[in-house]
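Enquirer: So the chains spell out like this:
Number of protein chains: 2
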Amino acid sequence: MENKLDGVEKVLLMGPGPSCVHESVYAALSRSTLGHMDPYFIEIMDDVKTFLRTVMQTQNRMTIPISGTGSAGMETCFVNLIEKDDPVLVLINGVFGKRMLDVATRLGAQADALEFEWGTPVVLDRVEEKWKSRHYKMLAVVHAETSTGVRNPVEGIGRMLRGTDTLYLVDAVTSLGGMTVAADDWGVDALYSGSQKCLSCPPGLAPVSFSDRALEVVTGRKTKVPNWYLDISLLTQYWGGKSRVYHHTAPINMIYALYQSLLLIEEEGFENVCRRHLDSHRQLVQGLEALGLKMLVSPDFRLPMLNSLLIPEGVDDAGARNRLRNEFKIEIGAGLGPLAGKIWRIGLMGHTARPENVTRVLRALKEVLGR
Amino acid sequence: MENKLDGVEKVLLMGPGPSCVHESVYAALSRSTLGHMDPYFIEIMDDVKTFLRTVMQTQNRMTIPISGTGSAGMETCFVNLIEKDDPVLVLINGVFGKRMLDVATRLGAQADALEFEWGTPVVLDRVEEKWKSRHYKMLAVVHAETSTGVRNPVEGIGRMLRGTDTLYLVDAVTSLGGMTVAADDWGVDALYSGSQKCLSCPPGLAPVSFSDRALEVVTGRKTKVPNWYLDISLLTQYWGGKSRVYHHTAPINMIYALYQSLLLIEEEGFENVCRRHLDSHRQLVQGLEALGLKMLVSPDFRLPMLNSLLIPEGVDDAGARNRLRNEFKIEIGAGLGPLAGKIWRIGLMGHTARPENVTRVLRALKEVLGR
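So the protein sequences, as listed, match chains B and A.
Quick note on our numbering: the first sequence kicks off at 1 and runs consecutively.
Quick note on our numbering: the second sequence kicks off at 1 and runs consecutively.
Since the hints were derived computationally from the structure, they do not count as laboratory data.
These numbers come from a predicted model, not from an experiment.
Do not take every clue at face value.
Here are some of the chain A residues that sit facing chain B, going by a computed Cβ distance under 7 Å [to be verified]:
1. Leu5
2. Lys10
3. Val11
4. Arg31
5. Leu34
6. Gly35
7. Ile44
8. Asp47
9. Glu75
10. Gly204
11. Lys224
12. His248
13. Glu331
For glycine and all other residues, C-beta sits at the position ideal for the given N, C-alpha and C.
Hey, can you work out the whole structure from these sequences and the hints?
Expert: Quick look at the structure:
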């Protein structure tokens, strides 16, 4: 019988995630499966929690990978912290801010959106004005907007909220592991990420962290969390405490892989990892500009790990990306929503963020664009 | 730095899942990650859908693996099909029936429970009587109750519901891939399973299937599905149709693994797979009885893949299981809920269901129990 897996090529993943996976992470994935209540597996779970706390710069005891992809992390934060009619302020300057609004609205929140032009960051003054207009239970913002490549001023928003009773929710899907995410210093109450971006693990897990204050809000809910699978109180009984209580069967091998990718970051040193992302980003931007290409985002707000460039006039968007994929074995990302057909997104996430990969994509682009 | 993964032992997984994983499935897991919109990956997705339809015996076009473990499949079925105040009948004779009740109740359903003694199957006459007492939108039952080892008469219930407007939801987490699950013949409208039982793939995916009638119910909802991540209409746009619309980043490598485990079933032939489960089951029961041990479930309702035996008096439950795990490298399952401390659960799921494994666990039990 034909086995399609035999035809899986090694592609240089320079899209918006998944990113390239280190050989040792693939090896971790294929370690022997243990039971989800096995004492040795529980030790691995504990180490994953410790590693995650380090990379998130938090002391939060409730710091675990959710058994789903990044969007399951988003769902987890909203469904646990929000009840029907709770007022929530969602800042939007891209697809993932919009997604948060959709998630919150489906859960019955009174979700107000404050929108900013895509490709620009949210503006603190306008956020403060809007936030003061109503007593919000929670404010939600995306740190690194994957759809545009913009870095939002999450630290400043945290400063504004400090000492108030508004919960602070940050989407760190694309930022975590590639730039500083200082959850405690920034006063973040809930944070979620994904395994397949700068952590360079295959997709399938969503690291989340809840502050003690956030957990108190969960404990004080008037209604049960309307999602058994993502109920953080039930998950706590499996992931924390002395005697573990079975909840659902954890994705064992994916957790091995996450362990290994976090170990790689520890071994390299987080500062070195961040520097590598920044260096690759600078090399890429310089190279793109040398080809006469233009970046979408102004230099002050660019993400190192997600680089949006304007598709030059007259170039066939899909045709060029297909050539990159088929001839050069490189994946780059298309634009989303209003930016579809207008930008390309080049990811430099985790293991992908290396000078040789930047050189390779620049050479390929030069060829494909005939420059 | 110490790498805890180096200490992961090869354990014979004879608990209630995860089950043993074939070497080729581990190899599939560690194939190069592709992008979630990559045309070649989409071909693999399409084949996974076809394989799943075969093993579920259904023509349902909406047959996909959900990006979460088995319980996420349960959540998916309820959250899409049920709205607030919908009357639902849940049949309960174990942990997983209770879990369905919890999930339905959290979603605001008017969920009625019909309970049966744990270790015995649900009784058709009583089901019919209860079902006739109210106009139920949905009836939910567990096919193979993993907490007890009981097979429920899902075919008979399907016959009772045929031609009525009650939706029929079946939990096939433990049965799928190890015994017949004839979704279409039985009139099942929604079905969910898990990757880590008889499909013998690591945990992390939940195959689900929705009939066209179930999809019409979703389309006709008065309210949006209060779960963005598991919204089946959004998932359809990614998993089906000609042009795929990005929803969330699929767990690529887990889907490779599921592909490979389904391919193994195709290659062996489903009838042979079922026979292997049954043969292993018979060998096990015979061996246990020869050791003077007693089964919980009467012969007519036993599952081949999940065998519950009564812990003999005077035996230290946890102590014996620890010896099996540590000395013999075999995991068996503890009892859950009211059966904790009273039964052990020996899984013969997928790749685990082989004569040499049965022989090995019987020898180990003989030693540990001093028989």
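Enquirer: The structure should be examined with respect to each hint, and the outcome stated for every one.
Expert: Outcome of the hint check:
1. With a cut of 7 Å, the hint placing Leu5/A at the interface with chain B holds, because the nearest CB-to-CB distance is about 5 Å.
2. A distance limit of 7 Å between C-beta atoms decides the matter here; for Lys10/A the minimum to chain B is near 5 Å, and the interface restraint holds.
3. About 6 Å separates the beta-carbon of Val11/A from the nearest beta-carbon of chain B, less than 7 Å, and the hint is met.
4. Interface hint status for Arg31/A: upheld, as the beta-carbon distance to the closest one in chain B is roughly 5 Å, under 7 Å.
5. Interface restraint check for Leu34/A: the shortest CB-CB distance to chain B comes to about 6 Å, inside 7 Å, so the restraint holds.
6. A cut of 7 Å between beta carbons decides the hint on Gly35/A: the least distance to chain B is about 5 Å, and the hint holds.
7. Interface restraint check for Ile44/A: the shortest CB-CB distance to chain B comes to about 5 Å, inside 7 Å, so the restraint holds.
8. Annotation: interface hint on Asp47/A holds; nearest CB of chain B at approximately 6 Å, less than 7 Å.
9. The criterion of a C-beta within 7 Å of any C-beta in chain B is met by Glu75/A, whose closest approach is roughly 4 Å, and the hint holds.
10. Restraint check, Gly204/A versus chain B: the minimum CB separation of about 3 Å is within 7 Å; hint holds.
11. Satisfaction of the interface hint for Lys224/A is found here, the shortest Cβ-Cβ separation to chain B being roughly 5 Å, below the 7 Å cut-off.
12. Interface restraint check for His248/A: the shortest CB-CB distance to chain B comes to about 4 Å, inside 7 Å, so the restraint holds.
13. Checking Glu331/A against chain B: minimum C-beta separation of about 5 Å stays under 7 Å; hint holds.
When held up to the earlier numbered hints, the structure conflicts with none and fits them all.
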